[in-house]
Amino acid sequence: MLKIMNLHAGVEGNEILNGINLEVKAGEVHAIMGPNGSGKSTLASVIAGKEEFEVTEGAIELDGEDLDDTSPEERAHKGIFLSFQYPVEIPGVSVTNFMKTAINESRKARGLDDMPANQMLKLIREKSELLEIDRKFLSRSLNEGFSGGEKKRNEIFQMAMLEPKLAILDETDSGLDIDALRIVANGVNKLKSKDNAVIVITHYQRLLEYIVPDFVHVLHDGKIVKSGGKELALELEEKGYDWIKQKITV
Amino acid sequence: MMFENNVDIDHPVHDLRTEAMKNFELKGFPTKKEEAWKYTSLNSLQKVDFSIFPKQENTLEYRDVKKYFIHEIDTYKIVFIDGIYSSNLSETTHDGVDICLMSSALTKPMYKPVIDVYFNKTASKDDSLTSLNTAFSREGAFIYIYKNKMPKKPVEIIHFATGNESTLMLQPRNLIVVEENAELQVIERHQSLTSNEVLTNSVTEIFAAKNAIVDYYKVQNNVGTASLIDNTYIDQKDKSVVKVHTFSFGGKLTRNNLNFYQNGEYIDSTMKGVTILGEKQHVDHHTLVHHIEPNCESHQDYKGIYGENSTGVFNGKIIVDKIAQKTNAFQQNNNILISDKATINTKPQLEIFADDVKCSHGCTIGQLDEEALFYLQSRGIPKKEARALLMYAFANNVLASVRIPELKTRINKLIAKKLGVNLGFDL
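Residue numbers (this note's numbering), protein chains in the order written: chain U, 1 to 250; chain F, 1001 to 1427.
It should be emphasised that the hints constitute simulated quantities derived from the structure, not laboratory data.
Don't take every hint at face value.
[What the hints assert, rightly or not] Now the stretches of chain U that chain F is said to cover, found in silico as 3 or more residues with beta-carbon under 8 Å: (1) 16-23; (2) 48-60; (3) 99-113.
[Said to hold, decoys possible] Listed next, the in silico DSS-like pairs over lysine-lysine satisfying Cα-Cα at most 30 Å (straight line): (4) Lys1149/F to Lys1066/F; (5) Lys1383/F to Lys165/U; (6) Lys122/U to Lys1408/F; (7) Lys3/U to Lys1383/F; (8) Lys1038/F to Lys1317/F; (9) Lys100/U to Lys1408/F; (10) Lys1121/F to Lys1237/F.
C-beta atoms are modelled at their ideal positions from N, C-alpha and C, and glycine is treated no differently.
When you get a sec, could you build the whole thing from the sequences and use the hints?
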């Protein structure tokens, strides 16, 4: 589904990603771990098409199609979703209206008419129940005054509504207490299928107890320095990132 | 510009008019040399040979101008066409409240005590454009809300210009008195229906007595050949609450002189504005709040979005007199420039003579937040719509205090139209 080949990217001449290779197949869950500043969030943003970053070498393919020169909205229409570490507040636009706009813009891009109101309401009801979201919450302005946990739950709600092929969860566990973490992880697990894939970006192993990865990759200085199964996450938790850093220097 | 000689010397306000004419003759039109007019030039307007009194009476059909009214709700209407009262488009009343015409208030003996007490009493005697209006105005809205009364519905004051005169200068004059515990909502609009030049020099005096509540909405979305100089003077007494919202989306040149005088205690004065401009449009907001007595509040919140070659000015003056202790005065002016050629000049002007006051002010000029834009795009919302959503969100808290839902919807639609998007829902 997603194929990243020798990806080099940076901002204003500073290279942050130094040759990433990664393949994610449908039905798989990949975790990307690494210390602060290793390039995890940059990788997420580059996959989602953030224009601030310049790809200097290599390529990203989705279902065999090169994503170079594809805008973030086009990538969203093709099925890429990024759950933000710091979701943006949009005063005056309710969660419901925001989702209507997002869904109908995606439909428009695929040549479909707007989703009928009753179908939209049903979808909103189903997905909000999945994430144990209160109805009142949906009429509030998007992310405005939301707690850290509410913001993250709302990100996963949006993911549930948009039903992406590839979901990238950037530090979704940060700022979540254990109950919220369980709800969010449960939501992600229920949305998992053999046709979609998830990339979980995290600093800690905690979230991976709930969203169990098929593969774990360790990012350091803009490169994947180690890959393995889910046990790699436990090893990292135990030994810390210095272990990886030392191994590289050796 | 020529002013025809058409003066009725027996008129009850004849002396005021004569004085005003003298002041205008002395001062003339303001020039950029004056600090208050530094960024707004009236030069190009003065070159136009405006006709002051229309030579013929013009009519309009309601169906042709319906869209300019908040027609989704029932309202009282005071409508003028080329400065002349249109009885067929208007709906006035004397049922417990007086919602009628300035010309009748100025001439009917029963209103003489009101005119004596209020007419030209809060308006500046010094300002040359206000004087010009005092000297030449013949018509406008007269609203008198008696003690403990509230009209059944909002009042719309609309001035149409038809362009049957090649160029037209309008001088509407409104007098609004809201007595103790009374309440009033007004929507004011100036609408040109022609590509001929129109200049409106409007003066509105509002008197809010003890505990009175007034909501005044100015919808400025005129065509590119219409200019407006709006001079509004508000006199507030104890515990009155007056809010003025100004929505500036169009017109060639718009100057808003909005002046609040707090002549009492525990007064609340609110000024809010959303300005969205493009082309070569120019809007200049000059606000003044004079805190004369203790324990009062004022809130100012103006948001501006400037595109293409548009220019904006915000000058917010707050005076706190020495005895006006415990004053709370807040002022906020935030602007987004979406074009390299657009400019905004923003300036707070604080003159504080009391020592126990809370005063805060802030001006910002910026661009749209790139991270926020990326967030919306990553949800599949195209860049243009994403930008519009962010601009809408930026202006949103000004709309939150609009108390007529249908007006709010209308303003939202105007904003969406102005931003050139259809977001698929009523914002």
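Structure-based check of all given hints:
1. 16-23: Since three or more residues must qualify, the claim that chain F covers the segment 16-23 of chain U is violated, with 0 doing so at under 8 Å.
2. 48-60: Since 5 is at least three, the answer is holds.
3. 99-113: It holds: at least three residues are needed, and the segment 99-113 of chain U offers 8 whose Cβ sits within less than 8 Å of chain F.
4. Lys1149/F to Lys1066/F: holds (29 Å)
5. Lys1383/F to Lys165/U: With a Cα-Cα distance of about 22 Å, the restraint between lysine 1383/F and lysine 165/U holds, given a limit of 30 Å.
6. Lys122/U to Lys1408/F: holds (29 Å)
7. Lys3/U to Lys1383/F: Given that 30 Å is the threshold and the Cα spacing comes to 26 Å, the pair holds.
8. Lys1038/F to Lys1317/F: holds (15 Å)
9. Lys100/U to Lys1408/F: holds (21 Å)
10. Lys1121/F to Lys1237/F: With a Cα-Cα distance of about 14 Å, the restraint between lysine 1121/F and lysine 1237/F holds, given a limit of 30 Å.
Violated hint: 1 only; the structure is consistent with all others.
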